[in-house]
Amino acid sequence: MKKLATLATAAVMAASPVLADLVFPSLSYRTGPYAANGIPFADGYADYFTLLNERDGGIGGVPIRMVECETGYNTEKGVECYESTKGEGALVYQPLSTGITYQLIPKASADGIPVHSMGYGRTSAANGKVFEWIFNYPANYWNGASHVVNHILEENGGDVTGKKIALVYHNSAYGKEPIRTLEELSKKHGFELSLIPVDHPGQEQKSQWLQIRRERPDYVTMWGWGVMNQVAIQEAANIRFPMENFIGIWWSASENDVLPAGDGANGYKALAMNSTGSDFPIYGDLQKYVVDAGKAAGAGDQLGTVLYNRGMYAAMLAAEAAKKAQEIHGVGDITPAMMRDGMEALEITAAGMEALGLPNFGPEFAVSCDNHGGPGLGAVQQWDAAAGKWSLITEFGPSDSDVINALIEEDSAAYAAENSLTPRDCS
Amino acid sequence: MFYREAGDFKTSYQDDSQTFPIAFDRYRYYFVVAFAMIVIPLTINEYFASAVLVPFLIWSIIAIGLNILTGYCGQVSLGTGGFMAVGAYAAYKIMTAMPELNIFFVVLLSGGVTALVGLLFGLPSLRIKGFYLAVATLAAQFFLVWLFNRVGWFYNYSASGQINAPTRTVAGFEVTGPMASAEAKYLFCLAFVILLGIVARNLTRGKLGRSWMAIRDMDIAAEIIGVDPLKAKLSAFAISSFFVGVGGALFFTVYLGAVEVGEAFGINKSFLALFMIIIGGLGSIFGSFAGAAFIVLLPVLLKNIMVGGLGWPTDIAAHFEFVILGGLIIFFLIVEPHGLAALWRVIKEKLRLWPFPH
Chain Y
16 MKKLATLATA
26 AVMAASPVLA
36 DLVFPSLSYR
46 TGPYAANGIP
56 FADGYADYFT
66 LLNERDGGIG
76 GVPIRMVECE
86 TGYNTEKGVE
96 CYESTKGEGA
106 LVYQPLSTGI
116 TYQLIPKASA
126 DGIPVHSMGY
136 GRTSAANGKV
146 FEWIFNYPAN
156 YWNGASHVVN
166 HILEENGGDV
176 TGKKIALVYH
186 NSAYGKEPIR
196 TLEELSKKHG
206 FELSLIPVDH
216 PGQEQKSQWL
226 QIRRERPDYV
236 TMWGWGVMNQ
246 VAIQEAANIR
256 FPMENFIGIW
266 WSASENDVLP
276 AGDGANGYKA
286 LAMNSTGSDF
296 PIYGDLQKYV
306 VDAGKAAGAG
316 DQLGTVLYNR
326 GMYAAMLAAE
336 AAKKAQEIHG
346 VGDITPAMMR
356 DGMEALEITA
366 AGMEALGLPN
376 FGPEFAVSCD
386 NHGGPGLGAV
396 QQWDAAAGKW
406 SLITEFGPSD
416 SDVINALIEE
426 DSAAYAAENS
436 LTPRDCS
Chain Z
12 MFYREAGDFK
22 TSYQDDSQTF
32 PIAFDRYRYY
42 FVVAFAMIVI
52 PLTINEYFAS
62 AVLVPFLIWS
72 IIAIGLNILT
82 GYCGQVSLGT
92 GGFMAVGAYA
102 AYKIMTAMPE
112 LNIFFVVLLS
122 GGVTALVGLL
132 FGLPSLRIKG
142 FYLAVATLAA
152 QFFLVWLFNR
162 VGWFYNYSAS
172 GQINAPTRTV
182 AGFEVTGPMA
192 SAEAKYLFCL
202 AFVILLGIVA
212 RNLTRGKLGR
222 SWMAIRDMDI
232 AAEIIGVDPL
242 KAKLSAFAIS
252 SFFVGVGGAL
262 FFTVYLGAVE
272 VGEAFGINKS
282 FLALFMIIIG
292 GLGSIFGSFA
302 GAAFIVLLPV
312 LLKNIMVGGL
322 GWPTDIAAHF
332 EFVILGGLII
342 FFLIVEPHGL
352 AALWRVIKEK
362 LRLWPFPH
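As given, the protein sequences belong to chains Y and Z, one line each in that order.
In case it helps, the numbering used here puts the first sequence at residues 16 to 442.
In case it helps, the numbering used here puts the second sequence at residues 12 to 369.
No lab work stands behind these hints, which were simulated from the structure alone.
Just so you know, even glycine gets a beta-carbon here, dropped at the ideal spot from N, CA and C.
Errors might be hidden in some of the hints.
Claimed, not checked - Covered stretches of chain Z, going by a simulated chain Y footprint (3 or more residues, C-beta under 8 Å): (1) 20 to 33; (2) 80 to 86; (3) 187 to 196; (4) 249 to 261; (5) 274 to 287.
Claimed, not checked - Pairwise CB distance ranges (calculated): (6) Z:PRO366 x Y:PRO78: 54 to 64 Å; (7) Z:LEU206 x Y:THR437: 56 to 66 Å; (8) Y:ASP174 x Z:PHE331: 23 to 33 Å; (9) Y:ALA428 x Z:VAL43: 42 to 52 Å; (10) Z:PHE331 x Y:GLY347: 30 to 40 Å; (11) Y:SER209 x Z:GLU111: 37 to 47 Å; (12) Z:LEU321 x Y:HIS344: 48 to 58 Å.
Claimed, not checked - Here's a subset of chain Z near chain Y, in silico, CB distances under 10 Å, partners left out: (13) ASN160; (14) PHE165; (15) SER169; (16) THR180; (17) ALA182; (18) GLY268; (19) LYS314; (20) ALA329; (21) GLU332; (22) PHE333; (23) LEU336; (24) GLY338; (25) ILE340; (26) HIS349.
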C-alpha cells in the first residue's frame with residue numbers, strides 16, 4: 016500500500032508543471048448514466064478554452080490550462096476531483112452537478128476558491144452576502160420554476176385556478192430544489208401541485224407515468240438529467256400525454272433528450288437560458304482554430320447542440336470574469352481570490368457578447384456584491400421533431416422575483432445560521 | 012528464518028493466547044500501527060488524506076463489519092448501504108439535537124442506533140437463510156433509503172433533502188466541517204479503525220466468534236453442540252451493524268460532510284462492501300483491509316497513472332479503470348478463490364519454512 020501511495024504521488028507530481036497559467040478545472044462526466052448530457056457540455060467548455068488559447072494565446076496573454084477530471088456525476092468522485100485539482104491553482108469550479116456543488120460550497124468557501132454553478136446548485140447562493148465564494152448567475156432553479164408557471168399562466172390567460180401541475184423530478188437535491196418555489200407559487204396562483212419523484216438514474220419510470228395517466232394533470236414539468244430525460248419523454252409519448260403541456264427545465268432541454276422518442280417528442284417544450292444553434296460568428300473561429308486543427312475535445316461531433324452551447328457559455332462567462340479580474344488587479348496570472356473579485360464585478364453586455372462573436376447568446380446582466388444570481392431571465396423553446404431543431408417561442412422574460420427573493424433570503428439566512436456566518440456588508 | 016514459532020518461548024497463558032503469537036508478526040503489526048499513526052500524518056498531503064486514505068479507513072471498518080456477519084457468521088447481507096445510512100442519519104440527528112456532545116461519542120452512539128436497527132432486520136435470519144436472507148436484507152436496503160428520503164424529520168426538513176455535518180472538534184482540533192485539517196480527519200478515522208479492529212479481532216477468536224463460525228459451517232450441528240442460534244445470529248447482526256453504522260457515520264461526518272441518501276447510500280454501496288470482503292477474503296480481518304484497499308485505492312491509483320501520468324483522456328481512463336479492475340477481480344478469484352487473505356496465509360506458510368523448504 017505504501018508503495019502504491021508513493022507511485023501515485025509520483026504520478027500526481029509528474030502531472031503538474033510549474034508555469035504561469037490560468038487553471039480551469041473541468042469536473043466533467045463522459046461516462047455513466049449522465050454521460051449523454053455531460054459530454055456535450057464538457058466538449059463545449061473545453062473547446063472554448065482551446066479556441067482562446069489558439070487564437071488569442073489565452074486570456075490577457077496568459078495561457079489557459081484546463082484540467083479535466085471525470086466525476087461520473089458521483090459526489091465522492093467529485094470530491095476526489097476537487098481535492099486533486101485544487102492544489103494546481105484552480106481558479107473556478109463548475110461541477111455541473113447540484114450534488115457536487117452542495118459538497119463544494121463549504122469546502123471551497125473555506126479554501127477560498129470560487130464556485131460557479133450556472134443555473135444549478137444551491138439556489139440561495141444568489142445571495143452574495145452569505146455566499147461570498149459561490150455564484151449562480153445568470154439564472155437559478157427557482158427562476159426556472161417561476162418561468163414554467165409564468166408560461167402556463169400566459170397560455171391560460173393569467174388564470175390557473177384549479178389546474179393540476181405535476182412535477183416529475185430526479186429524487187436528489189437537484190430535483191427537490193424547485194419544490195419550495197412551486198409550492199409558494201401554487202398558493203399564490205391556486206393551482207394544484209403533485210410531486211412525482213424518480214430515483215437515480217431514472218431508467219425505470221413506468222409507475223410514475225402510470226400515476227400521471229391516472230391523475231391526468233393539465234401540465235407536467237420536469238427536473239430531469241441524463242438518461243432520465245430520454246425515458247421520461249419516451250414515456251410521455253407512450254401514454255399520449257400532450258407534448259405541448261410538458262415543460263422541462265433547461266437541463267431537460269437537449270437534442271439527446273428528445274431524439275430517442277422520435278416524432279413522439281414533437282412539441283415538447285423546455286426552458287432556455289442561452290441561445291441554441293450554430294448560427295454565431297464564433298463558430299467560424301471554432302471551425303478554423305479548433306476543429307480543423309484537430310484539437311476539438313471528445314469526438315468533436317457535438318458542435319451547435321444545446322448543451323455544447325451551454326458549456327461554451329459557461330466557459331465564456333469564466334473567461335470574461337478572468338479578464339475582468341486581470342483588469343481590476345492589473346496582473347495576468349490571477350489567483351482564485353482575484354478571480355472571485357472578477358466574477359463579482361462581471362458585466363455582460365450585448366456589445367460585449369457581439370465582440371466575442373456571440374451576439375444575443377444570453378441575457379445581459381451584471382453581478383454585484385449582494386446579487387450573485389443575475390437577473391434570472393429565461394425563455395421557452397419548443398422541439399420540432401420534423402426539422403430536428405429547437406426554436407424559441409417566447410422572449411427572454413423575467414421571473415416572479417417577489418416570491419423568489421423572499422425564499423432566497425429565508426434559505427440563505429438558514430444556511431448562515433447553521434454555519435454561524437455573519438452576512439457580509441455590501442453597501 | 013525470521014518468521015517462525017520456534018525459539019519464541021511463551022511463559023504465561025496470556026502470552027500464549029495473544030493475537031500475534033509469532034514475534035515477527037507482532038513487530039510488523041507494531042510497525043504498521045506506528046507508521047500509520049506517526050509517519051503518515053507527518054508526511055501526508057491533503058489530497059491523499061481526504062480523498063484516498065480517509066475513505067480507505069472508513070471502508071475498512073465497514074468491510075470488517077460485513078465480514079463479521081457474512082464471513083464469520085455466514086449470513087449474506089445486501090443491506091450494508093442502508094445500515095450505513097442509518098449510521099449517517101443517526102449521527103446527523105444526534106449532532107443537531109445535542110451540539111455539545113463530543114463527536115467521538117456521537118459516532119459510537121450512531122453505531123449503537125444502527126445495531127438496534129440491524130437487530131430488527133436480523134430477525135428474519137432466524138427463519139430463512141442463504142439467498143432468501145439476501146433478499147430480505149435487500150428489502151432493508153431499499154426500505155431504509157426510501158425512509159430517509161421520504162420522512163422530513165430525518166433531514167430536519169431541509170429544502171434539498173440533504174444533510175450537512177456541522178463543525179465539531181476533538182480536543183480542540185476540528186474533525187468535521189470544511190475547516191477540518193486533513194491530518195485531524197485521518198487520525199480520527201484511524202483511531203476508530205484501530206479500536207474497532209482490535210475489538211473485532213478479539214471477538215472473532217473468542218467464544219462469540221466461535222459460535223458464529225459454528226453457525227456458518229453448519230447450523231444444525233452447531234445447535235446440537237449447544238450453540239444458541241438465536242443469540243449467535245442476532246449478536247452477529249447487531250455487532251456487524253454497529254461497525255457498519257460507525258462507518259456510515261464517519262462516511263457522512265468526516266469524509267463527505269454532506270450527503271443525499273439515494274446517492275451516498277444506494278444499493279451500489281451494499282455491493283461494493285460485499286465485493287470488498289469477497290475479494291479480500293471471507294472470515295478474515297486482514298482480508299477486510301485488503302479488500303477495502305483493492306476497491307478504494309486501486310481506482311484512484313489507476314486514474315492518477317492514466318490521466319495524471321500518461322495524459323490519457325478522462326473518459327478512456329474511466330473506462331479502462333473498469334476493465335482493469337474487472338480483469339483483476341476475475342484474475343484474483345481464479346488464482347485465489349478465497350481472497351487476498353488466503354494469498355497472505357500461503358505466504359505466511361511459505362515464510363515459516365523459508366529458506367529450508369523441507
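Going down the list of hints, with the structure as the test:
Proximity of the stretch 20 to 33 of chain Z to chain Y, defined as three or more residues with a beta carbon under 8 Å from a beta carbon of that chain, is not established by the 0 residues found. For a cut-off of 8 Å, the count of residues in the stretch 80 to 86 of chain Z with a CB near a CB of chain Y stands at 0, and the three-residue condition is violated. With a cut-off of 8 Å between beta carbons, the stretch 187 to 196 of chain Z has 3 residues touching chain Y; three or more are needed, and the interface restraint holds. Under the rule that three or more residues need a Cβ within less than 8 Å of chain Y, the assignment of the stretch 249 to 261 of chain Z is violated, with 0 such residues.
Counting residues of the stretch 274 to 287 of chain Z whose CB lies closer than 8 Å to any CB of chain Y gives 3, so the stated coverage by that chain holds, three being the minimum. Between Z:PRO366 and Y:PRO78 the Cβ separation comes to about 58 Å, which falls inside the hinted range of 54 to 64 Å. A C-beta distance of roughly 39 Å is found between Z:LEU206 and Y:THR437, which places it outside the suggested range of 56 to 66 Å. About 57 Å separates the C-beta atoms of Y:ASP174 and Z:PHE331, a value inconsistent with the hinted range of 23 to 33 Å.
The given range of 42 to 52 Å is respected by Y:ALA428 and Z:VAL43, whose C-beta atoms sit roughly 49 Å from each other. Evaluation of the 30 to 40 Å hint for Z:PHE331 and Y:GLY347 yields a pass: the beta carbon distance comes to about 37 Å. Restraint check, Y:SER209 to Z:GLU111: a C-beta distance of roughly 42 Å satisfies the suggested window 37 to 47 Å. In this structure the hint that Z:LEU321 and Y:HIS344 lie 48 to 58 Å apart at CB is violated, the actual value being about 36 Å.
The beta carbon of Z:ASN160 comes within 6 Å of a beta carbon in chain Y, closer than 10 Å, and the hint placing it at the interface holds. At a threshold of 10 Å, the smallest CB-CB gap from Z:PHE165 to chain Y is about 14 Å, leaving the interface hint violated. Look at Z:SER169: its Cβ gets to within about 8 Å of chain Y, closer than 10 Å, so that hint holds up. Interface hint at Z:THR180: violated, since its Cβ lies 14 Å from the closest Cβ of chain Y, which is beyond the 10 Å cut-off.
Taken as an interface hint, Z:ALA182 does not check out: its beta carbon lies about 21 Å from the nearest beta carbon of chain Y, beyond 10 Å. Below 10 Å, beta-carbon pairs count as interface contacts, and Z:GLY268 has one with chain Y at about 6 Å; its hint therefore holds. The closest approach between the C-beta of Z:LYS314 and any C-beta of chain Y is roughly 8 Å, which is under the 10 Å cut-off, so the hint is satisfied. The beta carbon of Z:ALA329 is positioned within 10 Å of a beta carbon in chain Y (closest approach about 5 Å), and the interface hint is therefore held.
Look at Z:GLU332: its Cβ gets to within about 9 Å of chain Y, closer than 10 Å, so that hint holds up. Because the beta carbon of Z:PHE333 sits about 8 Å from the nearest beta carbon in chain Y, less than 10 Å, this interface hint is met. A cut of 10 Å between beta carbons decides the hint on Z:LEU336: the least distance to chain Y is about 13 Å, and the hint is violated. Hint status for Z:GLY338 relative to chain Y: violated, with the closest Cβ pair at about 17 Å, above 10 Å.
A cut of 10 Å between beta carbons decides the hint on Z:ILE340: the least distance to chain Y is about 17 Å, and the hint is violated. The restraint placing Z:HIS349 at the interface with chain Y is violated, with a minimum CB-CB distance near 21 Å, outside the 10 Å limit.
In terms of the numbered hints stated before, the structure departs from hints 1, 2, 4, 7, 8, 12, 14, 16, 17, 23, 24, 25, 26, listed from lowest to highest.
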